[in-house]
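Q: My request is simple: use the sequences and hints to build the entire structure.
Protein chains in written order, with our numbering: chain B, 1 to 473; chain Y, 1001 to 1425.
These are computed hints drawn from the structure, not numbers from a lab.
Each hint should be verified, as a subset may be incorrect.
Said to hold, decoys possible - Pairs of lysine to any residue, SDA-like flavour, derived with a Cα cap of 25 Å:
(1) B:Lys371 x Y:Leu1057
(2) Y:Lys1142 x B:Ala324
(3) Y:Lys1032 x B:Ile375
(4) B:Lys373 x Y:Ser1053
(5) B:Lys373 x Y:Ala1002
(6) B:Lys373 x Y:Tyr1152
Bear in mind the structure is a predicted one, so any value in this text is a computation, not a measurement.
Here are the chains, one letter per residue:
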Amino acid sequence: MTHTATTPSLVIIGAGPGGYPAAYLAADYGMEVTLIDKDPNPGGVCLYRGCIPSKALLHVSNILNDANSASEWGVQFDSPKIHLPSIRKQKDKIVSRLTNGLGAMAKQRNVTFMQGTAKFLDESTVRVSKTGDEPVDFTFDYAIISTGSHPSPLPGLDITDPRIMDSTSALELDEIPQSLLVIGGGYIGLELGSVYSALGSDVTVVEMANRLLPEVDPDLVKPLQSKLETTFTSILLETSVEDVSNDGDRLSVVMRSILGETTTDSYDKILVAVGRKPFSADLGLEMTNVKIDQNGFIDTNAQCKTAHNNIYAIGDVAGNPMLAHKATAEARIAIESIQGMTSSFDPAAIPAIVFTDPEIAWAGLTESQAKAKGISVETISFPWIASGRAMTVGHTDGLTKLVVEPSTQRVLGVGVVGYGAGELIGEGVLAIEMGSRVEDIALSIHPHPTLSETISEAAHLFFGHNPHYIQRK
Amino acid sequence: MATDIAMPSLGDGVSEADVLHVLVEAGDDIAKGQTLIEVETDKATVEVPSDASGNVLKVHVKPGDTILGGNPIITINESSSEEAITSRSAQEIDNNASEQVPIDIPNNQMGYSAKPPINTHPHTTVSTQRETPVFASPSIRKLAREFGIDIYQVPGTGPGGRISENDVKLFSRAKQQTGRLSGLPSLPDFSTWGEVEEQPLPRIRKTIANNLSTSWSNIPHVTLNLDTDITDLEKTRQEVKQKFQAKGAKLTITPILVKALADTLSSHPRLNSSIDIANSRLILKKYINIGIATDTEKGLIVPVVKSAADKSLFDICVELSTLAAEARTGSIGPEFLVAGTFTISNLGGLGTTHFTPIVNFPEVGILGVGRAMQKPEYIGESLSPRLHLPLSLSFDHRAVDGADGAKFLQDLGDTLANMSLHLPK
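A: This is the structure:
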């Protein structure tokens, strides 16, 4: 198949939250676009086996948690009856509704969607293969690689067993194991661990670092850790998994603490959540001069362009943070660059959210990063114990924190832990991107009674006066 | 720990400088290399950078001060890496931290005065590091990209030094102007055709070049020429010269020109003004300070006789001798090199006749003076030798119309011609 000479052609490999927005924007600019993905519709990991299904399941766990704590409010529910097939059906319904919608959108924009795997044959040809079909070769003027990432396997774990899950299989929710070992105390492990815990599993988390969510400021992790210590069976820090073996009905796991003590325990299932790896192998990149770094990320510049002039890379495959909204933002930069516009990926803040109970969300510079880089900052935190709204929703285990540049008093970072923190962080992103000073936030009237008020409360506290909270000195 | 940051030596015979701008305030966090003050020496305007990072405790200078090498500029609390973070977490605050960052909760006054005022000087936020994002919103960053400028170089004028759309546009315009200057065609390799010697441009030469480029590219110049008859003036001057000499003053033509010019300017205020196009106004100065372009070994400098209209010819003579001597030895104080309202450039001693002087921006006029020459002139029916002094007036045509300039020059010529009547005999 060859393209017509008049309209520039674009091939996009991977139809996740980087690939499909790139395809639709390019089509709106009049390019001839072919979008390729392994799945039957656009959506990628985010919609099929990531953000969306996990949030659907976390909604279930929130319902269960709310019902459980309703007795404090004088409402007593019977023990919930959990019907797994219905939960799966509800989750799958959301996924197919969204992905079908994206498929229809592709048609409306005249984007050619092809299911299959793609490989570069040379610097202007891509071969798309699909089981049972003849491979199809496309020549392109431009290509975008947006192949995303996949769960990392546990290094040294050499047995394959259906009871050892990664995030993808965990989201399938085949059954609720009596006991579950989550290897990895990052956001994926904690989110899915929370789901299984709410559905009745005894969850143990094992993490090599000395705390959960090592990239998040400790003061923001603290309320979550306290909560998880009550809902999870145990949290093993500074501990690594040495060996996993088949022990009949269960899996036997040998773990070693930082002090060198080894313990052996057995679990019904294991979830490996030790991070994600970029999907850059088997793409035929060696046939192009696209460069990849030692971690497998494709090297790109601020225009999302690879070492090859006509090949771009966006999303997880192009580097950290591996977040859907970063991919979507890069999609716009890549297409605008192809269009010859002076676009550049230069965000002041890329927000991140851990959808646990309580949620943790942050954007911009964290206090830990400032410390590590030697950047002088002041921080101010408003505890949710002083928020009326937090009390009325029964979630006072929260904290809203601003990271401030002393010389200008502008906000460089915002961190929130608490109920619905993810919905609050958007204001933090806007504040950072707009170069808001703490005073701008303090002087912006926030609605009462809401959790968003905690952001302005923190800003007022920065200036030493807050009607709801007196700072201990 | 508290440390003083002192004025560095300015070297090369320069012992003192005038503080023009102070770019930091108490409470500011400053980085090593950040500009603290701008000073003016008799040679140039210099930015003085900080040689340490920290929080400013006290500023010791203010604009207008004269500062010597070694004098303290500011006192800072020098930052070490341990002190880089000042956490004020409501839950984890400790006593030491709260002492370091006093946040008084005022009992009977509220508002935002509890924090030290932040610096809003337009020149303060040229980012020196890129670890923190630039202080500009995404649309402004995009605008900078579209203009092809590095936004990290744009000084912000907004609160706290935030970069506005206007800041980007002004920076872009300024860059284009510099670009025009630096965008001159490159020079050929002259050594191809013979031996050459290269001399680096001293600072004063670069300053002169910049000032003249500013004048030449901004001021629409008009030059009018006139010969004035100074036969009688010269005769009288020779007569009274001895008297001045006896009292230690040298009566040359220059002090006479200063006096005549000052008197004439008194009745032509427009020639003693500055035009402010940006704010659509003409600024008329009620003082007349005459600058004298003076050739020195290092280059052109312009000492200024202040309030020349109010001074006697004798006083002007004495002052000019001192200024010229100091200018030539380089010992002249910077206060004698500023505030001029009109300039005289006398090339008569070098044999020149009429020429086209360049206005000394932001003044609006300059008087060029050539060598006086004997010329035959009809007085009635008979020819007689008369001494003529060539005068060339260049003026800023934006501020002064041609007719006004011509009237001024005519009046000046008449004043000089009749000056003999006013010399103390």
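Q: Under the constraints set out in the numbered hints, which ones does this structure not fulfil?
A: none
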